[in-house]
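Colleague: As a plain string of letters, each chain reads:
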Amino acid sequence: METLLTAIAGALLLAVKLTLIVVPLVMLFELLRHLAVFRRSGRKVEPLMRGMGLTPAAAVPLFTGIFLGIAYGAGIIIKVAREKRLPPRELFLMGLFLATCHAVVEDTLIFVAIGGNGWQMLGIRIVLAIVMTWLLARFWNRPGRKTASPVDGPTSLPERD
Amino acid sequence: MSEPTLESLVPDIPTRLKTGFFDGLQTTWKLVKYVIPLYILVELLKGTSYLATFGDLFAPAMRLFGLPGEAAMAFLAGFTLNLYAAIAILVPLQLEPWQVTQCGLMMGIAHNLLLEGGVLRSTGARAWLITLARLLIAILAGLLFAAWRALGGG
Numbered sequence: 144m145e146t147l148l149t150a151i152a153g154a155l156l157l158a159v160k161l162t163l164i165v166v167p168l169v170m171l172f173e174l175l176r177h178l179a180v181f182r183r184s185g186r187k188v189e190p191l192m193r194g195m196g197l198t199p200a201a202a203v204p205l206f207t208g209i210f211l212g213i214a215y216g217a218g219i220i221i222k223v224a225r226e227k228r229l230p231p232r233e234l235f236l237m238g239l240f241l242a243t244c245h246a247v248v249e250d251t252l253i254f255v256a257i258g259g260n261g262w263q264m265l266g267i268r269i270v271l272a273i274v275m276t277w278l279l280a281r282f283w284n285r286p287g288r289k290t291a292s293p294v295d296g297p298t299s300l301p302e303r304d
Numbered sequence: 003m004s005e006p007t008l009e010s011l012v013p014d015i016p017t018r019l020k021t022g023f024f025d026g027l028q029t030t031w032k033l034v035k036y037v038i039p040l041y042i043l044v045e046l047l048k049g050t051s052y053l054a055t056f057g058d059l060f061a062p063a064m065r066l067f068g069l070p071g072e073a074a075m076a077f078l079a080g081f082t083l084n085l086y087a088a089i090a091i092l093v094p095l096q097l098e099p100w101q102v103t104q105c106g107l108m109m110g111i112a113h114n115l116l117l118e119g120g121v122l123r124s125t126g127a128r129a130w131l132i133t134l135a136r137l138l139i140a141i142l143a144g145l146l147f148a149a150w151r152a153l154g155g156g
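So the protein sequences, as listed, match chains R and U. Letter 125 of the first sequence, counting from 1, is numbered 268 in this note's numbering, and no numbers are missing. Letter 59 of the second sequence, counting from 1, is numbered 61 in this note's numbering, and no numbers are missing.
Next comes chain U alone, as it looks inside the complex (with noise of 0.2 Å):
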């Protein structure tokens, strides 16, 4: 016991729930502080014509996904901005569990583009082609979910 043993090196439980409780906020802060304005402007948007507009224009390429074209709005925040902006936006929708799962599903894939596209390029990947990449595997993934979705499963 007086070398330090890979056991020694996991933090006890009190701490493990300390870092949990602060992580945690964390996390909450980062949604809170886009849920707050999105949502309301959401809401609001929703007693005017403009995002039944939107939700018009989108809906045949979401349909393919299962879903509504008012959610265009979320992935557009998703893969601009990041999932929080996203997450606010999708609560005022009022979507159906399983297409909260399609939406979670596909911007998990592709989401925080721009930002995450730089931090790829300073590897030496190639930014575009991973980036171009994502939205095609979001893509995939999405048409399978929806296909097995319609399937029965899910």
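Chain R extracted, bound-state conformation (with noise of 0.2 Å):
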């Protein structure tokens, strides 16, 4: 009974500290994401994305898929995917580094608020999510190669996963 207890102590001081951390961790990235210097940056990560073998259409679900996260991204990412018509390859090696890096605010930050260190998390993800998707695009230079894509029209996918 002693244990049970001070389990249910635990646990709500846990909540409570995590609402403490967590909370203004949240508002203070709102109030820096607006900053010129984040909107202008846009425009400086376009050659690395063509590196990556990405065009500027890839730029909206991307960065969608890197803040939102996949789940909460999933919308505008299958839209301007849709909409833009962005070729298999193209959507594979955008796959490829949103698996690696993805949500990458919300993530780091509750894992920040339990004592891991976020510049460590967020830098090794995002250096691995570049070497990756830039090897893959160098070696899968053939844009036109429908056999060799591993990506597919949905009505060519009754399989099971």
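Hint data in this document are derived by calculation from the structure and do not stem from the laboratory. Please note: incorrect hints may appear among the correct ones.
To be verified - For the chain U half of the interface with chain R, some residues (derived, Cβ under 7 Å), not all of them:
{"no.": "1", "residue": "Asp14"}
{"no.": "2", "residue": "Thr30"}
{"no.": "3", "residue": "Val37"}
{"no.": "4", "residue": "Leu46"}
{"no.": "5", "residue": "Ile89"}
{"no.": "6", "residue": "Pro99"}
{"no.": "7", "residue": "Thr103"}
{"no.": "8", "residue": "Gly110"}
{"no.": "9", "residue": "Leu116"}
{"no.": "10", "residue": "Glu118"}
{"no.": "11", "residue": "Leu134"}
{"no.": "12", "residue": "Arg136"}
{"no.": "13", "residue": "Leu138"}
{"no.": "14", "residue": "Ile141"}
{"no.": "15", "residue": "Leu145"}
This one's a predicted model, so the numbers in the text were calculated from it and none came from an experiment. Glycine is no exception: its CB is placed at the ideal position from the N, C-alpha and C atoms.
Assemble the dimeric complex from its two separately framed chains, guided by the hints.
Modeller: Take a look at the structure:
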């Protein structure tokens, strides 16, 4: 019984602690994200995106995924990918990047709240995502070749996963 | 100033603070929903032999990443459920800060695989391939970070 009470007290204390850490962190992010520096950085990443086999058309879904995550960003990612007719190769490269590096703000903040090092988590994920997407883009440089495409239209995917 | 410019679309500071406050509360609520029940469960399991047995089972694999065997439980929760559940399990394990970073790094890459796999499939991507890639990339990142740590970094 005493163990149970200690556990409940510990859980409540943790809940309070998380609130006190997470709320100010998210407020700080909300304050900073509108700064002109961040809005202007969009143009600066263009050469980097080109190196990863991505065109400017992929910028909106890419950044949506990076910040919002796959589940929340899915609506925008699907919509833009269809409207801009991103080719399968580019969709896959974007998918690989986002697999490694998505929802970076919230996911990082909650681990910072329990004592992790956010810069290390973020830094390693970004570097890994860039290096791997760049490598794949280099090795897989035949956009027209359908047979080698790891991405198909939804209709050709009746299979299980 | 008569035309709407990009600047005018940026909310003012009080609005931003308010948005941040409510977004923060929302994130906290998502965390707390999992943290309270799972934290209590793990605290209670710590008093039994179950957690130790489970930990011993996974210890050899988790050692590669510099983590205790018990952390495997957080990984299972993170892969199938989400990061909030994983965090709820991690905290009672009282890991070192760098081990928390390791978990955040690996789980940040591979988490919520069932739900996000479904979302990916609806974009037309081969979800199983991306899910497999996420698991492999998480393992790679974990090994790299553990190696970096062993070499004196971090």
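Colleague: Taking the hints in turn, state whether each one holds.
Modeller: Here is how each hint holds up against the structure:
For Asp14 (chain U), the interface hint is violated, since its Cβ never comes within 7 Å of a Cβ in chain R; the closest pair sits about 10 Å apart. A hinted interface residue such as Thr30 (chain U) counts as satisfied when its beta carbon comes closer than 7 Å to some beta carbon of chain R; here the least separation is about 5 Å, so the hint holds. For Val37 (chain U), the shortest C-beta to C-beta distance to chain R is roughly 6 Å, which falls under 7 Å, so the interface hint holds. Satisfaction of the interface hint for Leu46 (chain U) is found here, the shortest Cβ-Cβ separation to chain R being roughly 6 Å, below the 7 Å cut-off.
Using the Cβ-Cβ criterion of 7 Å, the hint placing Ile89 (chain U) at the interface with chain R is satisfied: the shortest such distance is roughly 6 Å. Because the closest C-beta pair between Pro99 (chain U) and chain R is about 5 Å apart, less than 7 Å, the hint holds. A distance limit of 7 Å between C-beta atoms decides the matter here; for Thr103 (chain U) the minimum to chain R is near 4 Å, and the interface restraint holds. Taking 7 Å as the C-beta contact cut-off toward chain R, the hint placing Gly110 (chain U) at the interface holds, the least distance being around 5 Å.
Violation of the interface hint for Leu116 (chain U) is found here, the shortest Cβ-Cβ separation to chain R being roughly 10 Å, above the 7 Å cut-off. Nearest Cβ of chain R to the Cβ of Glu118 (chain U): about 5 Å, under the 7 Å cut. The hint holds. Hint status for Leu134 (chain U): violated, given a least beta-carbon distance of 10 Å to chain R, over 7 Å. Look at Arg136 (chain U): its Cβ gets to within about 5 Å of chain R, closer than 7 Å, so that hint holds up.
Proximity of Leu138 (chain U) to chain R is violated relative to the hint, the smallest CB-CB distance being about 10 Å (cut-off 7 Å). Among the interface hints, the one on Ile141 (chain U) is violated; its C-beta lies about 12 Å from the nearest C-beta in chain R, farther than the 7 Å criterion. About 11 Å separates the beta-carbon of Leu145 (chain U) from the nearest beta-carbon of chain R, more than 7 Å, and the hint is not met.
Consistency note: the structure conflicts with the earlier hints numbered 1, 9, 11, 13, 14, 15.
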